[in-house]
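I would like the entire structure built from these sequences, with the hints used as guidance.
Listed in order, the protein sequences are those of chains X and D. Each residue of the first sequence is one higher than the one before, counting from 99 in the numbering used here. Each residue of the second sequence is one higher than the one before, counting from 99 in the numbering used here.
Honestly, the hints are just simulated from the structure, not real lab data. Just so you know, these numbers come straight off a predicted model, no measurement behind them. Warning: the hint list may mix true and false statements.
A pair holds if it fits inside one copy or across any two, identical chains being indistinguishable in the list.
[Claimed, not checked] Below, computed lysine-lysine pairings styled on BS3-like, alpha-carbon distance capped at 25 Å: (1) Lys180 x Lys153; (2) Lys133 x Lys180; (3) Lys200 x Lys180; (4) Lys153 x Lys279; (5) Lys238 x Lys180; (6) Lys279 x Lys168; (7) Lys102 x Lys279; (8) Lys229 x Lys288; (9) Lys200 x Lys168; (10) Lys168 x Lys133.
There are 2 protein chains.
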Amino acid sequence: MNNKIPVGISNRHIHLSSAHLASLFGEGYELQELKPLSQPGQYAAQETVTIVGAKGEIGNVRILGPIRPKTQIEISKTDSFKLGVAPPVRDSGDTAGSPGLKVVGPKGEVELEEGVIIAARHIHFHPSDAKSFGVADGDKVSIRTQGERSVVFENVLCRVHEQYALDCHLDTDEGNAAGLKTGEFIELIK
Amino acid sequence: MNNKIPVGISNRHIHLSSAHLASLFGEGYELQELKPLSQPGQYAAQETVTIVGAKGEIGNVRILGPIRPKTQIEISKTDSFKLGVAPPVRDSGDTAGSPGLKVVGPKGEVELEEGVIIAARHIHFHPSDAKSFGVADGDKVSIRTQGERSVVFENVLCRVHEQYALDCHLDTDEGNAAGLKTGEFIELIK
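Below you can see the structure in the form of structure tokens.
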């Protein structure tokens, strides 16, 4: 079964710049870790914010740490209809030309000019995993899920880095469409 | 391009029995048509209800007409988490053992004992379409979507009837995961 990869279903979340963290939570504020994520050094913070669009708002949006150079909000297409925003499907970090949203924290608000994306599905590989699966950074592969709602997701980006642990990241629309939960496994189809 | 089939993305909705229509809207009430659906004789009604689960509620749930022998609520997996209910993935009409929800209308409430499902993806074929696609009632096929979020959905039920018009029905999780909108086309893969 060496073509099996664990799945993490990503709910909506936000990565904050240090300037925006200060605006939302106060000068000098530091994020408190709630629990570690699958990728080494990444964590879900105890803190949440509210995101506000033209048509609606969503509260309890989890902040993921650590701080990043640029603020980025990752939502599902389902969320985008509720908020009234039309984000592109993008790889993390590629936010140029994406729309913004208002972010509300306990000590202030930030009106983002850009940074809202729907995260493109992807797989994190440590270089040793990449070797064993025969993939290289930047490859696009297909994956198959199991069960009554089985799906083949195409155009899945392979990301290879020494800081990565093997994990396939889908969003909640993808997870729900496939009837898939965090910790279950998908099969790589090359 | 004779392997292309139009898609309809079904948002959450409810079909009502005549007894439940009377309980929710009053004795003798008749549904008012808002717009016809893709299947001949079926329509979206002007009327909506609120559905209430253990964890939350969702308003403005569209009633689809005409009246049916049994009340049935079709929601997405995303909706199920918000409501706090765990419906099975089922073909329409197959509600035995499914959970219920509270339904609230302008004149009363109904506590359903069962009837909440996640609709299994399916394609409606007129017999002439079925002949041209080479499928029979009850067949399971796969379908491929186009675009950056392209997906192959497996286990898609073929339903063939003289009252049907060619249309592939997916729910909002499936449509959003594939970046697909009503009126776009999928490709049948046998």
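* Asked: Looking back at the numbered hints, which does the structure fail to meet, lowest number first?
  -> 5, 6
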